[in-house]
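Participant: Spelled out from the first residue to the last, the chains are:
Protein chains: 2
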Amino acid sequence: MDKVFLIVIDGLGDRPIPAFGRKTPLEAAKTPNLDKLARGGISGVMHTIDIGVRPGSDTAHLALFGYDPKTYYTGRGPFEVAGINMEVRPGDVCLRVNMGTVDDNLVVVDRRAGRIDDTNPFAKKFNGTVVDGVKFLVKAGTGHRLGIIMRGKGLSSQISSADPKELGVKLKTVEGLDASKEAKFTARVLNKFLLKVYKEIKDWPLNKQRVKVGKLPANFMLARGAGVYPELPSFFDKYGLKAACIAGAGLYKGVAKILGMEVIDVPGATGKPDSDVAAKIKKAIKATHKFDFIFVHIKGADTLGEDGNPEGKKAFIEKVDQAVAPLSKLKKSLVVVTADHSTPCALKNHSADDVPITIFGESVRDDDVEAFGERACAKGRLGRIRGEHLMPIIIDLMGLAQMFGA
Amino acid sequence: MDKVFLIVIDGLGDRPIPAFGRKTPLEAAKTPNLDKLARGGISGVMHTIDIGVRPGSDTAHLALFGYDPKTYYTGRGPFEVAGINMEVRPGDVCLRVNMGTVDDNLVVVDRRAGRIDDTNPFAKKFNGTVVDGVKFLVKAGTGHRLGIIMRGKGLSSQISSADPKELGVKLKTVEGLDASKEAKFTARVLNKFLLKVYKEIKDWPLNKQRVKVGKLPANFMLARGAGVYPELPSFFDKYGLKAACIAGAGLYKGVAKILGMEVIDVPGATGKPDSDVAAKIKKAIKATHKFDFIFVHIKGADTLGEDGNPEGKKAFIEKVDQAVAPLSKLKKSLVVVTADHSTPCALKNHSADDVPITIFGESVRDDDVEAFGERACAKGRLGRIRGEHLMPIIIDLMGLAQMFGA
Numbered sequence: 001m002d003k004v005f006l007i008v009i010d011g012l013g014d015r016p017i018p019a020f021g022r023k024t025p026l027e028a029a030k031t032p033n034l035d036k037l038a039r040g041g042i043s044g045v046m047h048t049i050d051i052g053v054r055p056g057s058d059t060a061h062l063a064l065f066g067y068d069p070k071t072y073y074t075g076r077g078p079f080e081v082a083g084i085n086m087e088v089r090p091g092d093v094c095l096r097v098n099m100g101t102v103d104d105n106l107v108v109v110d111r112r113a114g115r116i117d118d119t120n121p122f123a124k125k126f127n128g129t130v131v132d133g134v135k136f137l138v139k140a141g142t143g144h145r146l147g148i149i150m151r152g153k154g155l156s157s158q159i160s161s162a163d164p165k166e167l168g169v170k171l172k173t174v175e176g177l178d179a180s181k182e183a184k185f186t187a188r189v190l191n192k193f194l195l196k197v198y199k200e201i202k203d204w205p206l207n208k209q210r211v212k213v214g215k216l217p218a219n220f221m222l223a224r225g226a227g228v229y230p231e232l233p234s235f236f237d238k239y240g241l242k243a244a245c246i247a248g249a250g251l252y253k254g255v256a257k258i259l260g261m262e263v264i265d266v267p268g269a270t271g272k273p274d275s276d277v278a279a280k281i282k283k284a285i286k287a288t289h290k291f292d293f294i295f296v297h298i299k300g301a302d303t304l305g306e307d308g309n310p311e312g313k314k315a316f317i318e319k320v321d322q323a324v325a326p327l328s329k330l331k332k333s334l335v336v337v338t339a340d341h342s343t344p345c346a347l348k349n350h351s352a353d354d355v356p357i358t359i360f361g362e363s364v365r366d367d368d369v370e371a372f373g374e375r376a377c378a379k380g381r382l383g384r385i386r387g388e389h390l391m392p393i394i395i396d397l398m399g400l401a402q403m404f405g406a
Numbered sequence: 001m002d003k004v005f006l007i008v009i010d011g012l013g014d015r016p017i018p019a020f021g022r023k024t025p026l027e028a029a030k031t032p033n034l035d036k037l038a039r040g041g042i043s044g045v046m047h048t049i050d051i052g053v054r055p056g057s058d059t060a061h062l063a064l065f066g067y068d069p070k071t072y073y074t075g076r077g078p079f080e081v082a083g084i085n086m087e088v089r090p091g092d093v094c095l096r097v098n099m100g101t102v103d104d105n106l107v108v109v110d111r112r113a114g115r116i117d118d119t120n121p122f123a124k125k126f127n128g129t130v131v132d133g134v135k136f137l138v139k140a141g142t143g144h145r146l147g148i149i150m151r152g153k154g155l156s157s158q159i160s161s162a163d164p165k166e167l168g169v170k171l172k173t174v175e176g177l178d179a180s181k182e183a184k185f186t187a188r189v190l191n192k193f194l195l196k197v198y199k200e201i202k203d204w205p206l207n208k209q210r211v212k213v214g215k216l217p218a219n220f221m222l223a224r225g226a227g228v229y230p231e232l233p234s235f236f237d238k239y240g241l242k243a244a245c246i247a248g249a250g251l252y253k254g255v256a257k258i259l260g261m262e263v264i265d266v267p268g269a270t271g272k273p274d275s276d277v278a279a280k281i282k283k284a285i286k287a288t289h290k291f292d293f294i295f296v297h298i299k300g301a302d303t304l305g306e307d308g309n310p311e312g313k314k315a316f317i318e319k320v321d322q323a324v325a326p327l328s329k330l331k332k333s334l335v336v337v338t339a340d341h342s343t344p345c346a347l348k349n350h351s352a353d354d355v356p357i358t359i360f361g362e363s364v365r366d367d368d369v370e371a372f373g374e375r376a377c378a379k380g381r382l383g384r385i386r387g388e389h390l391m392p393i394i395i396d397l398m399g400l401a402q403m404f405g406a
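Chain order of the listed sequences is A and B.
Take the first sequence: its position 9, counting from 1, is numbered 9 in full-length UniProt numbering, and each next residue is one higher.
Take the second sequence: its position 305, counting from 1, is numbered 305 in full-length UniProt numbering, and each next residue is one higher.
Calculated directly from the structure, the hints in this document are not laboratory data.
Since the model is a prediction, treat every value here as computed from it, not as a measurement.
Hints may contain errors.
Stated by the list, open to error - Cross-link-like lysine-lysine pairs, in silico, DSSO-like; alpha carbons within 30 Å at most: (1) A:Lys332 / B:Lys379; (2) B:Lys282 / A:Lys332; (3) A:Lys242 / B:Lys379; (4) A:Lys238 / B:Lys23; (5) A:Lys135 / A:Lys184.
Said to hold, decoys possible - The following residues of chain A were derived to be distant from chain B, with all beta-carbon distances above 12 Å: (6) Tyr73; (7) Ala278; (8) Asp396; (9) Gln402.
Stated by the list, open to error - Rough simulated footprint, nothing fancy, chain A against chain B, three-plus residues with beta-carbon under 8 Å: (10) 51-57; (11) 65-76; (12) 341-353; (13) 372-382.
Virtual Cβ for every residue (Gly too), placed ideally from N, Cα, C.
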């Protein structure tokens, strides 16, 4: 049975960059190794969710793994908290949180408290707090991030966000998004908790010290992305494949954990443009001794797209290209290279533009595509697929697909 | 009105064959006549059911004729029994059966009783047997095959198979596949019947004689593929076309009969690689005097794919190519050449890989495709269609499509 590598280069797709003669960063980059995969493989373009739908990172990954986000997506919270190893139970409402800075009128001054780099003191102080019978589990994430789990009876994830996602405007009061009493109750309890935290930390010595040295105080937990822990069949139950995930950023580890994949940590995998992508690929190849399906998530291109930095994105893609070189030499393998969505530098955000995809392996019907890029792959023989088609195609190429009929 | 020929070359599609320089058997074969059809026609690729779905032969044909298998497919049994001219009524549970060989512990020794070539004595002996109020109609098929119809009240086709599809393992007890009492009852009655048959024939003179001359005894009816006779609109009611079927193998005749097509028998049409394909095509052309739509099923390429025999498949395709030569000379005709699914030699089984399709006729928008093959057709102007699109396209090319709107 072939081993499968699914390499997701986050935010890879782009739009024409005038400074690159209207090439995209991927098209402008020198990518001999990705091109080799495209030459020996079958290529096409993919809409992870659907034509014209701008995917989030979370929904895009659910779709790529064959889990319809319309059915299974409840919010980003569960994936974030799973990604920082919080133990989640069915019924838990999960939230992603930034430590932020507000002024005395609760107007947002900074959404990341000057990019505070350690939220452990906050997590430690408030983990286990009970408000109106609801237990708050709090854990530090990377940088300015925290995860919060609300555990108790009668909760709902149909609540709005405290984070206005803008500076200079007042915090939002969390509200129920439907008419249920559970949503109302959950919103009320969360508001109480967030204000209690604010009152207890705004004059904390830690914050006084930060202000003294010219930093912004970290005085408010900007909670958003409420979601209830989704009940879904594991990746193994669905496909019969032992799967592992290699990623730097928490969200992708969280998605993998919720699907029951094993998360393999790689030193130097930062989830940032400085990540050691080569080390991740090496580890992925080693992991085939134990696993059938290795999902490698590479974040940097997305970040650089959001920064509006085409030069940086191009350079990062060239680094990825060097890193994937060993994959084109493997036998009995299927190597899938694609993205979860486009992040055009001009837009500094996700777009609904399709993403290129190549499936490389001995059994695939190779085509005439000579380069891995948005324009080249659009002429490939895989055609135009949706994310939901990817796993069935992989499973069929492996010879494992169930027949419909006889 | 143009006459339509739908030529289905079963299992035609393949994956790259290293010995053919990574061409497929179809691409490696010399096919001047198929190429002529492609040159004068519009070509594309087709997923009979959907992208990534591995079609069975029965579901694929339903889809090709515009009958959604998700709605109309209940199991293979009805098509098999219809294919051997058994009269079926709504409510009947139909089964396909092999005469097989089991040992004294009911372990399967051979699934085809050494390819016994006449099951008439078995059919004759047990046709009309009644067990617990359920009547068993039994008829011989070709070779080791039989058809069984269970007729009575309170039956369900939601039952499992007696055939473990493996040698050296015990027969399976038929079980209900849902919690209904009908499924339980049907399973119980079928188990009773199968054991009764076993007891009555295991020491039959016919079997003693077989053993004496070194053959395997035919002592068990391996029943599988239970399905209830589907209620569906006839092909004529759906499209207003008088349709005929020319096929060697029973299943395809059965599909045609259930759709109300007339089955035309052609001497030498064996459903095997030795079939007289040229005679089938000649007969199809003659049949246009009486019919509007002629479905010609050609089986050999599928069998050779399942045998893992690319040389044989290539040679068979060349035979088909010679046979279809007269089709390219017809006036006022639409000639559709395609497949129901791919059967890659490397996989020895159906796959979800798309199949090439060409529609040849004066009215079609011909394209730049110069050859009939997987790679060439993927560049055709018909694009990438699903099986459900085929009949609407044909009906529209004939000028018979109903307008949606006004």
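Participant: Work down the list of hints and note, for each, if the structure agrees.
Facilitator: Each hint tested on the structure:
Distance check on the hinted pair: Lys332 of chain A and Lys379 of chain B sit about 28 Å apart at the alpha-carbon level, within 30 Å; holds. Straight-line distance between C-alpha atoms of Lys282 of chain B and Lys332 of chain A comes to about 46 Å, which puts the hinted pair past the 30 Å bound. Taken as a hint, the Lys242 of chain A and Lys379 of chain B pair is broken in the structure, with Cα atoms around 37 Å apart against an allowance of 30 Å. Of the pairs offered as hints, the one joining Lys238 of chain A and Lys23 of chain B is violated, with about 33 Å between alpha carbons and a cut-off of 30 Å exceeded.
A C-alpha spacing of about 17 Å is found between Lys135 of chain A and Lys184 of chain A, which places the hinted pair at or below 30 Å, so the restraint holds. Even its closest Cβ contact with chain B, about 21 Å, leaves Tyr73 of chain A beyond 12 Å, as expected for a residue assigned away from the interface. Listed as a non-interface residue, Ala278 of chain A keeps its Cβ farther than 12 Å from every Cβ of chain B; the least gap is roughly 30 Å. Not every CB of chain B is more than 12 Å from the CB of Asp396 of chain A (nearest about 4 Å), against its label as outside the interface.
A Cβ of chain B approaches the Cβ of Gln402 of chain A within 12 Å, the least distance being about 7 Å, so the stated non-interface status is violated. With a cut-off of 8 Å between beta carbons, the stretch 51-57 of chain B has 7 residues touching chain A; three or more are needed, and the interface restraint holds. With a cut-off of 8 Å between beta carbons, the stretch 65-76 of chain B has 4 residues touching chain A; three or more are needed, and the interface restraint holds. With 8 residues bearing a CB less than 8 Å from a CB of chain A, the stretch 341-353 of chain B meets the requirement of three and the coverage assertion stands.
Here the stretch 372-382 of chain B counts 3 residues with a CB under 8 Å from a CB of chain A, which clears the bar of 3, and the coverage holds.
In the structure shown, a violation is registered for the earlier hints numbered 2, 3, 4, 8 and 9, in ascending order.
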